[in-house]
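**Q** Model the full assembly from the supplied sequences, consistent with the hints where possible.
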Amino acid sequence: MAPSNPTDSAVATLSSYRAGKRPLPYWLLNVPEPQWPSQCPPFLTDISPRNLEIVNVPEAAFRRLTWPEVRRTIRANRIEEFRRAPLDHRNYLCYMARLKEEHGSVMEYVRDRRLRWTDLDAKGLAFEDPDDVKIIYNDWPYGIDKSIVHLCVWTKFPLDVDEKDPNGDLTPEMRGKIDGYVERTFGSRVPAENIIWFKNWAKLKSIHSMEHFHVMMKDPDMEFIKEITKGDSPASSQLSESTILD
Numbered sequence: 001m002a003p004s005n006p007t008d009s010a011v012a013t014l015s016s017y018r019a020g021k022r023p024l025p026y027w028l029l030n031v032p033e034p035q036w037p038s039q040c041p042p043f044l045t046d047i048s049p050r051n052l053e054i055v056n057v058p059e060a061a062f063r064r065l066t067w068p069e070v071r072r073t074i075r076a077n078r079i080e081e082f083r084r085a086p087l088d089h090r091n092y093l094c095y096m097a098r099l100k101e102e103h104g105s106v107m108e109y110v111r112d113r114r115l116r117w118t119d120l121d122a123k124g125l126a127f128e129d130p131d132d133v134k135i136i137y138n139d140w141p142y143g144i145d146k147s148i149v150h151l152c153v154w155t156k157f158p159l160d161v162d163e164k165d166p167n168g169d170l171t172p173e174m175r176g177k178i179d180g181y182v183e184r185t186f187g188s189r190v191p192a193e194n195i196i197w198f199k200n201w202a203k204l205k206s207i208h209s210m211e212h213f214h215v216m217m218k219d220p221d222m223e224f225i226k227e228i229t230k231g232d233s234p235a236s237s238q239l240s241e242s243t244i245l246d
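Numbering (the working numbering), first residue to last: 1 to 246.
Just so you know, these hints were derived from the structure itself, not from any lab. Be careful, since some hints might not be right.
What the hints assert, rightly or not - Distance ranges between label pairs, derived from CB positions:
no. : residue 1 : residue 2 : range
1   : R22       : E128      : 52 to 62 Å
2   : E163      : L239      : 33 to 43 Å
3   : D246      : E223      : 48 to 58 Å
4   : A97       : P130      : 27 to 37 Å
5   : R18       : D246      : 15 to 25 Å
6   : D131      : D179      : 33 to 43 Å
7   : E128      : R72       : 48 to 58 Å
8   : D246      : T66       : 52 to 62 Å
9   : R175      : S16       : 51 to 61 Å
10  : R98       : L52       : 18 to 28 Å
11  : P23       : R72       : 51 to 61 Å
12  : R22       : I244      : 18 to 28 Å
Virtual Cβ for every residue (Gly too), placed ideally from N, Cα, C.
**A** Next comes the structure, spelled out in structure tokens:
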């Protein structure tokens, strides 16, 4: 007899997944069976093809990038190849949806809670005034070796992009300015071969209203990281590796 209501239908569907009669949909993949939702969570409905591609991978099949692979990816400017581990990305999508619901927008949360900036007016030109720059952890780092620290450098001034570049990449002049800043700020405490930076192309940015670029360092002195981030910690560090947000 057919299920009499939507709840019965959902239970019947989950039972078929448990019995192995149907392949697991992406929204159940990597989720322990006792935590299975009865239907696809709102934050996973109508997601982009890229997001679907990332979460629809078994956690056991995912391999973190090594430091040499990270360096090659950035130097080849193939930053679109960076992605989070599947479960991390699922949690990231849930977290972002919560921020929008609770704070109005991700930008407002980052500005008010993470950066604690009351305005976005730069006091000087690029990298002239320390108050125009803030270094914090990337809350949801990519799937890279765990010996690599992933920071974000946020700026009140624009990071100029080449308007002729189809991806919205940086101008050569701005690349030079960031190179200089990274060398001055991180190079005195971390060997040059253990530092690399990149900026997401305009089309890959998750927050468009404020500027930032990424800095990755292999095996840095964590006291230096604590000093330069003023004791910051990423949001994802508050979760265990097996935590499932919903």
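**Q** Now look at each hint and say whether the structure bears it out.
**A** Against the structure, the hints:
1. R22 with E128: 52 to 62 Å: 60 Å, holds
2. E163 with L239: 33 to 43 Å: 40 Å, holds
3. D246 with E223: 48 to 58 Å: The hinted range 48 to 58 Å is violated for D246 and E223, with Cβ atoms some 36 Å apart.
4. A97 with P130: 27 to 37 Å: 34 Å, holds
5. R18 with D246: 15 to 25 Å: This hint holds: roughly 18 Å between Cβ atoms.
6. D131 with D179: 33 to 43 Å: 22 Å, violated
7. E128 with R72: 48 to 58 Å: 33 Å, violated
8. D246 with T66: 52 to 62 Å: 32 Å, violated
9. R175 with S16: 51 to 61 Å: Holds - the Cβ-Cβ distance for R175 and S16, about 53 Å, lies within 51 to 61 Å.
10. R98 with L52: 18 to 28 Å: This hint holds: roughly 20 Å between Cβ atoms.
11. P23 with R72: 51 to 61 Å: 34 Å, violated
12. R22 with I244: 18 to 28 Å: 21 Å, holds
Going down the numbered hints, you'll see the structure goes against 3, 6, 7, 8, 11, while the others check out.
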